[in-house]
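**Student:** Given two chains presented individually in distinct reference frames, assemble the corresponding complex, making use of the accompanying hints.
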Amino acid sequence: MNTARTGHSDAGWYEIHLQGRLEPRWATWFDGMTLSTTADGASVIRGRVADQAALHGLLSRLRDLGLPLLSVVQIEPDDV
Amino acid sequence: MPVALVDTKFFLPRSREGLVARPRLDRLLGTERRRLTLVSAPAGFGKTTLLTAWLAGPAAAGGSRRTAWVSLDEADTKADVFWTYVLTALERAAPGSGAAGLALLGAGQPMETVLAAVLNELSVLPDDVDLVLDDYHLAEGPEIQAGMTFLVEHLPPQVHLVISTRADPALPLPRLRARQDLTEVRAADLRFTHEEATAYLTGAAGLDLDATDVAALEARTEGWIASLQLAALSLRDRADPSGFIAGFAGDDRYVVDYLVDEVLDRQPDGVRDFLLGTAILDRLSGPLCDAVTESTGSGRMLESLDRRNLFVVPLDDQRRWYRYHHLFADVLRTHLLAEQPERVAGLHRRASDWYDEAGEPEPAIGHALAAGHVERAAELAELAIPSVSRVRREEVIVAWAEALPDEVLRNRPVLAIGVVGALMSCNLFDGVEARLQDVERQLALPEDQLVVHDSDGLERVPASIEMYRAALALNAGDPVGTVAHAQRANDLATHDDHLVHAAASALSGLASWTLGDLEAAHRGYSAAIDGLKRAGRIADVLGCTITLSDLDMTQGRLDDARRGFERALELAEGEEPGLRGTADMFVGLSRVAWERNDLAAAADHLRRADELGGSAALAQNPYRWRVAMARLREAEGDPATAVQLLEEAQRVYVGDYSPNVQPVPAVHARMLAAHGDVAGALAWAHRQGLTTDDELSYLHEYEHVTLARVLLAQQSPEARAEALALLDRLLAAAESGGRVRIVIEILAVQSLTQQDVAPLERALALAEPGGWIRVFVAEGPPMVKLLEMLARHRPDWPFLRRVLEAAKAGPERGPASPQAAAQPLIDPLSDRELDVLRLLASDLDGPDIARHLVVSLNTVRTHTKHIYTKLGVNNRRAAVSKAHRLGLLAH
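Residue numbers (the numbering used here), protein chains in the order written: chain L, 31 to 110; chain E, 10 to 900.
Next comes chain E alone, as it looks inside the complex (with noise of 0.2 Å):
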């Protein structure tokens, strides 16, 4: 996951003891959920307290209501950040609801996508969901403005934004409003009544006050309750509480000032110190309020503050972390920037230096930067670098530079090649290659005139330099640059410098793999898993891996794609469970399987890969799953259903940076002509603008045989010929290329067109090696009648009498049956879940199925909580994939 997350800020909070019941609030709420719920209002006017006593009150008792909280702040203006906190509490109060979204998001999908796929989620959830966005003014900016709309305007009716914040939201506000799908609560519903008041002050605070006292405080804050809750403070154990009322009453200063003064003047030193000294904290613990007054017993001075309601909110259920009330934060911070300012700078110091070694290096470098130490968070930064590089979390680095004065990167080269290599992750090429200039710079320049911390990442500059010299010119489309630059990091990078040898070998992989150089691009990528071993970055080896055995498997190495799968699969057992890239290796293993037609072995594969579920698996395996499972489908002889899954794979497609050499219309394109459909598999030509007399690339060499395959469906001879002149150019392609897996498939197709086993005899003999069989058996029927007749020539072939008879065998098993009897469950689906569960698969949302089963959405939602039930699953992409397994989806 790229965003580490603060676990303190899916804490919902608990509603405190001694509220003042607030009916009429309660009223205005409602226990009737609007799609969008409101409450907007300055600071200090309850409204974290109003919302956690309602989700806490009887509406949720009924039961199935389920609460997705999120208490935002100023970093999450980010739109991946947001996003990421938003799933994460989503996919937390229902299971399987953010799962998907969270994988697109960190695929780099665009929003709409991300949340398309979110939305589909939460369609069909058996279940209501409150999403709470908690202070929602510190997000809310143009980078997330756009998603939200989108999430308002498309929310399922089962669940329910609740929003809070000081400012209303850039939302389309009054067309909810004339749509009645908004709940409104603002300040001046929210201002204690006079009723409130007294039961507050003569109830919660225990004060003895006659209703004159309660008026005036009343009057004087406006009902106002962060101000009121203050008043009460400082009436505590006063002796003449009406005169402190007139007192105040006939005050005009700002309340806040007013009462905060009082209420700090009547605390011991200790505890003014304490909270001036706590004040440029944004959260507070024990140990690192003790090492910032440097003092003790600051753990127990937190829970007497909050014992006492002096301003301090838990932020977890341990009582270990707080934080103050804004409010109260912010004045206490006027106090001492006005009272002590000498003592600011060096608070912040000892919370930067507490931080450090909590191994907390954002923190850390935020203090030091707010106590005026450049130096200091200059150093802290280029530590961090690598540990925060490894969790993906590159922007924070790149906000690090932005802090940073110009002059501190001019002479630390190992913390400005850091910020290069954060600026790049982030996508941010302009002024790089200054940078990069600049590095090389002070690489000239005496060593003392450097300022190094990380002393052995400096004599990996230099290969750092080309290595995204290397990069810079991949992202320029120039794949020869790549190469250069490549080769010159790898003769540079010190022999224990895994990760940049890893690096420029994949970058060089990759052009080289662009250029059609398959010999170099697998040279490249064994040295980069290689380097990512040694690195210790097994998860990176998974994702590395895909790409080699591709490699291998185009070469004609079915072979050592397996034992790439295998040993990559070996790695990851001494890793965390379900390492992200797991599922994926299945696939791959099934794909081996499937091309030697063991069409078992390939099956318990996939049934592995779906187990391992979505965080074992990369944001491509989704699409790859269903290629493999629609291919294992029409290997049973169910074309329909493989049909089916191509489109979903078209649907759920996401990206990388490998080029994308067998697309995934192509191949269902392939499908489409090889059972009847040749109009659509024709449009798809078309479309893809391939003609027979393009000039031939690798890159669209599986399109271009797949069109060869489309024209010969056609069964004209116009088009014969043209195809058979195509594959013949195609050929000598591949054969100069050394793509051995498709020089086998345009043979067999050229014999078969052309009724001469000559080819065949070659495409067997290259297909003996690796045990190709699938590609032969594939072609049906007519295979058979050929590879009888070089049977007959070479009796004596063990492989060929292997190819013959897995393509007599034909289909394993015929389509299987949708009857309920067939189905393999203890608790069968009935015709009309049947029905939802295929709905499902498509990609209707919750309402559009009501709709075409003429049933209320209610309905739909409890035919999918029984599937979810019998199917024992959680979500929509677990049914529907396990419903392909189980062969319920067949027509």
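With the rest of the complex left out, here is chain L (with noise of 0.2 Å):
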């Protein structure tokens, strides 16, 4: 059943600078989290993640699209 969805409480705010700027479509493909993008053509994307194994794995599908990471930061979580 859905024990593996829970678990340790690694849950996490994170906030991924790409370089190049995506379309503000993508942020269907990033569930929940926001897409945002910077003066100088970069996009970040800000949102919680389940646990380490969520971050690695949206962190593979940002890879598949071949763009280039420029960081990955821990972040305070935002008032919701």
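In case anyone wonders, no lab produced these hints; they're calculated from the structure.
This one's a predicted model, so the numbers in the text were calculated from it and none came from an experiment.
Treat the hints with caution; some may be incorrect.
[Claimed, not checked] For the chain E half of the interface with chain L, some residues (derived, Cβ under 8 Å), not all of them:
1. Trp-233
2. Asp-261
3. Arg-262
4. Tyr-263
5. His-335
6. Thr-343
7. His-344
[To be verified] A short, non-exhaustive set of chain L residues, derived as facing chain E with CB atoms under 8 Å:
8. Gly-50
9. Leu-52
10. Trp-56
[Claimed, not checked] Label pairs and their in silico Cβ distance ranges:
11. L:Leu-99 with E:Asp-465: 48 to 58 Å
12. L:Thr-64 with E:Glu-584: 55 to 65 Å
13. E:Asp-278 with L:Thr-64: 26 to 36 Å
14. E:Arg-660 with L:Leu-99: 42 to 52 Å
15. L:Pro-54 with E:Ala-197: 28 to 38 Å
16. E:Asp-487 with L:Thr-64: 54 to 64 Å
17. L:Leu-99 with E:Gly-381: 28 to 38 Å
For glycine and all other residues, C-beta sits at the position ideal for the given N, C-alpha and C.
**Tutor:** The following block contains the structure:
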């Protein structure tokens, strides 16, 4: 059943910078995360991941797009 | 085979026409293969294209190079699935190289054992093999990592690993690099240079561009091939290419977004709709796409996309199945999700229905889950469980159970019990009892609160609950509990629920066997075979027949054992040829013939077993065959070969659930003691911690009798006294347990030791109904004397005369001659080839054999090639067993 989805409390908020400007419609691709772009032509993906495995899954999806990774930073949660 | 294979994954993609020649990469890859070739770069860098061109290129033209190709996907992160694909690909490329490993894998052996067997075969392979793992990043994970490292470290020189991946594999790359064992092609190498971009755009893509345009495109895409391809598509038939390129170059959007938008915008509505609608599919075929997009003509659409290079990749030779290029599929999906989110669930639902009708439950359930339609997924899973279990892919069922919300299992007893069965098959026992209790709770509910799709399945649930409890008890080491639950399962099972009857009976039989209650064990296995026959599970009938006939022999019923094997063979005739287990039946018949001292028939059965090949044999057959052959060789007066075969048997030993009542090391110790190596036999007894004071149990009976024989072989008065006391105790235990075969043997040994014909007379009386002869003949000349003494008292006993004549005849023939002249081969092996052949029978690998003979590995391989040709075999195992059969390995 769904035991695999709970587990350790290593959930966290992350901000990921990519080189290149992604269309806003990619937001649906990064389920539940926000997508924005910066003036210098980078994309920023920001939001909560369930655990480390989910973070690595997200990174490998980004890898598959072929966009150079600029940074991955753990951040304070947004006020929800 | 536990894993159902997707054939398209072994398909080596043809190298596409209109390629840009890339001599600098060919130079980088070189013609001399290193141990590992790593092509590591992100998506769309032309990795697969490079490899297919390289493998088809002049390096392959030399002839004796073979390619084992696997296109990996996400499902291959599971170790058993991954290795099944890899070994099958090797087996297809170089027959004989993967079969032994696959059998060991199927028997659940540790990965190092499996890989050692494969490496052993590969090391003597005459040809070079490239093992290509395409899209390795999809499979890589903790489960396969250790095995891959082991493989890379031990690869023989004629086998080359080629990996294409988007992420560097967790293999010891620095070490390989330092040893010059690694060739790397990385993103920087794969990017199109200016020359290549020019050649591609103005040549292959047929565009009319000037140098400035090409330079602008190259700069904007940074030589990324996938985006250059998209750019070429966008440019096709454009009136103002330079204008387009200027716009593209001045934009900072993600190149693929920009270009796919451009390509999509230029497609007619029908094509655009088709692309978005089919973006959810992992594989594309005409009929599937028709169903999903509710249209017609998808087959033609796919062909036209293929012709126009619109990012479909053919998956087979017939152009039936395609997939989208991964990068393109990702972008298409974002378009679909953003533009037509309301369409997604329907697309998945129709894909699910199509796969369901096509009889492919796995993608049907996957799409149902993606559509958010959990009830439908649960229904499909419930109906698919019997067929998925039948091909032993229970791990798939476990994955479904993990994907389904808990609630749907709370009112679906048939599905819930199916999940329990799958968990137990995967050795996941935790929480199973709680699940069983929940199923019981469900059964107490009114029927209108339950959801049942497999209505026949519902009435089988109560018996299944008890059957799984029996299995849980056996696993927990509680044979008494096992028998009790199995009894209840049999009482509860509907009369036509043959599988539960069979499984419960077999569990009960197995538990009784470990308790030493052979009568009950026999009843259990007989009932299991009955049920399995009714259920049409003939392969399982063969497996159970081995146990039942073993029990028959233990209880002295040699003829029943023979009949069991013969009936099983008759049943197997109605099945596909070479049904797994068939070879084992012949090995069993050989044992019966050997016990009756019909050595010609015993040899004939072993030959039949061998000719059927590895796929007709259970995982235990390699060791059982060698034990049987060893006994035959000993009977023929060639104990040296016999001992060698037993040493091999210990190396290839694979256990199963049955208690190991006749361990190979004990058979080996017996043979050592009988032929003068008492010290070696004593060392065995010491290793096993066996003493004459041990409490006796049926499970160690054969070992204790062997201990007594070893002590007697010492020929000291103290040892003799100890042995006799032990034999007395063993005799009493065996008699009360009804184990006639060992009673006969103990009596024979006692009569020899005490030079007393009275026990011998009893032994012969017990042996007569079954026709046990070998047990007396094996004792050699001293037994002849004793039999003659008895014959004087009982001159008119025909059975005694038969045994006496057989014993007087002695070994059928002397040791086979190793001289070439005596070889039964048309083209005899040279002395050097015989040397190599003897080493092939050892566990040395290719380089060790070369060292041993002080020759190069290439010389060993040449000899091996000749040996295989002369013996008419294609792998090491077959060569060794054929050599044994022909008596070529005698000293």
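**Student:** Each of the hints needs a verdict: does it hold here or not?
**Tutor:** Going through the hints against the structure:
1. Trp-233: 7 Å, holds
2. Asp-261: 4 Å, holds
3. Arg-262: 5 Å, holds
4. Tyr-263: 4 Å, holds
5. His-335: Holds, about 7 Å.
6. Thr-343: 5 Å, holds
7. His-344: This interface hint holds because 7 Å falls under the 8 Å limit.
8. Gly-50: 4 Å, holds
9. Leu-52: OK, holds: Leu-52 (chain L) within 8 Å of chain E, min 5 Å.
10. Trp-56: Holds - the Cβ of Trp-56 (chain L) comes within 8 Å of chain E, reaching about 5 Å at its closest.
11. L:Leu-99 with E:Asp-465: 48 to 58 Å: 54 Å, holds
12. L:Thr-64 with E:Glu-584: 55 to 65 Å: 60 Å, holds
13. E:Asp-278 with L:Thr-64: 26 to 36 Å: Distance hint for Asp-278 (chain E), Thr-64 (chain L) holds at roughly 32 Å.
14. E:Arg-660 with L:Leu-99: 42 to 52 Å: 49 Å, holds
15. L:Pro-54 with E:Ala-197: 28 to 38 Å: Cβ of Pro-54 (chain L) to Cβ of Ala-197 (chain E): about 32 Å, so the range 28 to 38 Å holds.
16. E:Asp-487 with L:Thr-64: 54 to 64 Å: 56 Å, holds
17. L:Leu-99 with E:Gly-381: 28 to 38 Å: With a Cβ separation near 32 Å, Leu-99 (chain L) and Gly-381 (chain E) satisfy 28 to 38 Å, so the hint holds.
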